[in-house]
Amino acid sequence: MVRDFSLFTSPGMGPTPDGDPHAAVACAHDALPIFYSPNNTRDGRGTWVITRAKDQRRVLHDTATFSSHRSIFASALGENWPMIPLELDPPAHGVFRSLLNPLLSPKRVMVLEPAIRERAIVLIDGISAASTSCDVMKDFAFPFAVSIFLHFLGLPDERLDTFVGWGKDLLHGEGVKRTAAARTIVAFIDDLAAERRKEPTDDFMTFVVEAKVDGRPLTDEEVRGIGVLVFVAGLDTVATAIGFDLAYLARNPKDQQLLRREPDRIGLAAEELLRAYSTVQMIRVAKKDIDFEGAPIRKGDYISCATMIANRDPAEFENPNTIDLAREDNRHTAFAYGPHRCLGSHLARREIVIALEEWLSRIPDFRIKEDTVPITYGGHVFGIENLILDWS
Amino acid sequence: MRIIVHRDKCQGHARCWAHAPDVFKLDDEGYILPGDIEVAERDELLATRGARSCPERALEIDRAFDALLDRFLFNQACGGFNT
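Line by line, the protein sequences give chains A and B. For the first sequence, the numbering used here begins at 49 and goes up steadily by one. For the second sequence, the numbering used here begins at 8 and goes up steadily by one.
Rather than coming from a laboratory, the hints here were simulated on the basis of the structure. Hints may contain errors.
[What the hints assert, rightly or not] Computed spacing ranges between beta-carbons, pair by pair:
(1) D50(B) x V421(A): 18 to 28 angstroms
(2) A47(B) x N87(A): 51 to 61 angstroms
(3) I68(B) x V143(A): 26 to 36 angstroms
(4) K32(B) x Q305(A): 53 to 63 angstroms
(5) P86(A) x A47(B): 49 to 59 angstroms
[Said to hold, decoys possible] Now the stretches of chain B that chain A is said to cover, found in silico as 3 or more residues with beta-carbon under 8 angstroms:
(6) 19–29
(7) 66–78
[What the hints assert, rightly or not] Computed far set for chain A versus chain B, every beta-carbon distance over 12 angstroms:
(8) F200
(9) L201
(10) T254
(11) I338
Every residue gets a Cβ at the ideal spot worked out from N, C-alpha and C, and that includes glycine.
Given only the sequences and the hints, what does the whole structure look like? Please build it.
Shown next, in the form of structure tokens:
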């Protein structure tokens with residue numbers, strides 16, 4: 049029941065030229081539906097790995113047995129406070145979720161759409177006027193996704209590079225760099241909250257410091273927990289998704305042509321790309337001993353529900369390793385299952401679809417530039433480091 | 008066709024609404040409104056797609072009523088109820 053498998057250290061998980069980390073972890077389905085992986089977190093702890101989508105659904109729904117309070121961020125600082133609402137369990141979770149849901153609901157995202165599209169168009173037109181080649185990550189995906197997210201928070205664009213740097217160090221840096229980034233982000237959020245308490249504006253942080261739950265204002269720790277989560281969650285997930293998607297289309301000209309010819313398909317195609325290139329590993333902590341599909345899970349054990357593994361489950365998806373842009377009934381887990389379903393999923397989806405629509409309508413047939421190699425990596429959040437496209 | 012809504016299972020993915028916004032109504036937080044949905048025939052394809060894309064299995068397509076109706080119409084075509 050122990051298997052040499054890790055999202056951090058297995059082959060293809062470190063920075064890999066021309067890598068395909070999603071295909072590399074799909075092999076998890078060759079063996080038992082649940083196994084123990086001795087080194088599957090950044091701090092070197094082991095986790096039980098759940099490979100089947102239906103079992104992941106069971107874990108992520110059963111919040112009474114599997115807690116989401118891991119203090120993943122605070123523990124990097126030797127502290128213990130939850131990112132909110134991700135690391136709160138029901139019923140406390142629901143109170144904060146209800147507070148934040150309307151800010152990122154599907155209808156609210158529709159209101160944001162014109163500004164998102166305009167941002168995409170400005171960036172892409174700038175790229176296309178300057179050259180017939182670019183690094184999509186540096187020149188488009190990050191500036192696009194991060195500026196939308198800064199706009200949402202009410203922060204100015206000029207600090208974009210600084211924030212992207214913090215995010216990189218936090219999510220993909222080692223030891224000291226990562227702790228320093230975590231400290232910087234906490235200090236930044238605390239300062240921002242203090243400023244908005246003193247001088248309210250109409251931005252997200254002002255909303256949070258002025259909000260009430262159960263008839264009382266939020267504590268400083270709660271404000272910090274929300275601020276840090278929103279900051280970290282928005283920094284590189286969408287950019288990474290756009291990177292993987294455009295890399296796929298660069299390598300598969302037939303599918304690129306299909307979406308150019310029939311842009312109405314982009315919405316459905318984006319769902320398939322979310323399935324095939326999902327990027328996040330969810331971790332839960334067992335609150336009690338439980339026998340799960342034959343595995344003796346003990347209180348305190350970590351349980352990994354990696355979206356990229358469930359989304360390649362052959363019991364859930366026909367030909368899971370084939371990317372079929374017309375796939376229907378695509379009940380993938382890219383945004384998780386259960387009460388912790390990604391709060392930003394509606395915004396993320398629109399950003400991805402708009403990015404693909406505007407890129408395809410403004411940039412002619414593109415491919416990966418000769419003599420360049422995209423570098424991919426696995427880990428807690430899968431990523432793509434660079435993507436040089438060429439349309440000369 | 009009828010869609011049975013398991014409201015307690017809805018987690019606000021809103022995939023149903025993305026396929027068929029006229030069939031599936033959301034509250035201000037983005038979760039589906041409670042109550043089963045009678046789907047008009049012209050909306051059946053989109054409603055089926057919407058229901059089948061719910062990651063939480065919160066939407067159940069109920070065709071029992073359709074089947075009854077089909078049997079009734081079929082029997083009628085054959086000359087009324089088989090008694």
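Over 12 angstroms to the closest beta carbon of chain B is the bar; see if L201(A) clears it.
-> 20 angstroms, holds
For the pair A47(B) and N87(A), does the Cβ-Cβ distance stay inside 51 to 61 angstroms?
-> At roughly 55 angstroms between Cβ atoms, N87(A) and A47(B) fall inside 51 to 61 angstroms, so the hint holds.
In terms of Cβ atoms, is chain B entirely out of 12 angstroms range of T254(A)?
-> Check passes; 20 angstroms lies beyond 12 angstroms.
Quick one: are I68(B) and V143(A) within 26 to 36 angstroms, going by C-beta?
-> Distance hint for I68(B), V143(A) holds at roughly 33 angstroms.
State, for the Cβ atoms of K32(B) and Q305(A), whether the hinted interval 53 to 63 angstroms holds or is violated.
-> With a Cβ separation near 37 angstroms, K32(B) and Q305(A) fall outside 53 to 63 angstroms, so the hint is violated.
F200(A) clear of chain B by more than 12 angstroms, beta carbon to beta carbon?
-> Non-interface label stands for F200(A): nearest chain B Cβ at 16 angstroms, farther than 12 angstroms.
For the pair P86(A) and A47(B), does the Cβ-Cβ distance stay inside 49 to 59 angstroms?
-> Check passed, 56 angstroms falls within 49 to 59 angstroms.
Count the residues of the segment 66–78 of chain B with a beta-carbon closer than 8 angstroms to any beta-carbon of chain A: does the count reach three?
-> Violated - the segment 66–78 of chain B has 0 residues with a Cβ nearer than 8 angstroms to chain A, which falls short of three.
Take the segment 19–29 of chain B, compare each residue's beta carbon with every beta carbon of chain A, and decide whether three or more fall closer than 8 angstroms.
-> holds (count 6)
Assertion that I338(A) lies outside the chain B interface [Cβ separation over 12 angstroms] | I338(A) is indeed farther than 12 angstroms from all Cβ atoms of chain B, at 22 angstroms.
Whether the CB-CB distance between D50(B) and V421(A) falls inside 18 to 28 angstroms | 48 angstroms, violated
In the structure shown, a violation is registered for the earlier hints numbered 1, 4 and 7, in ascending order.
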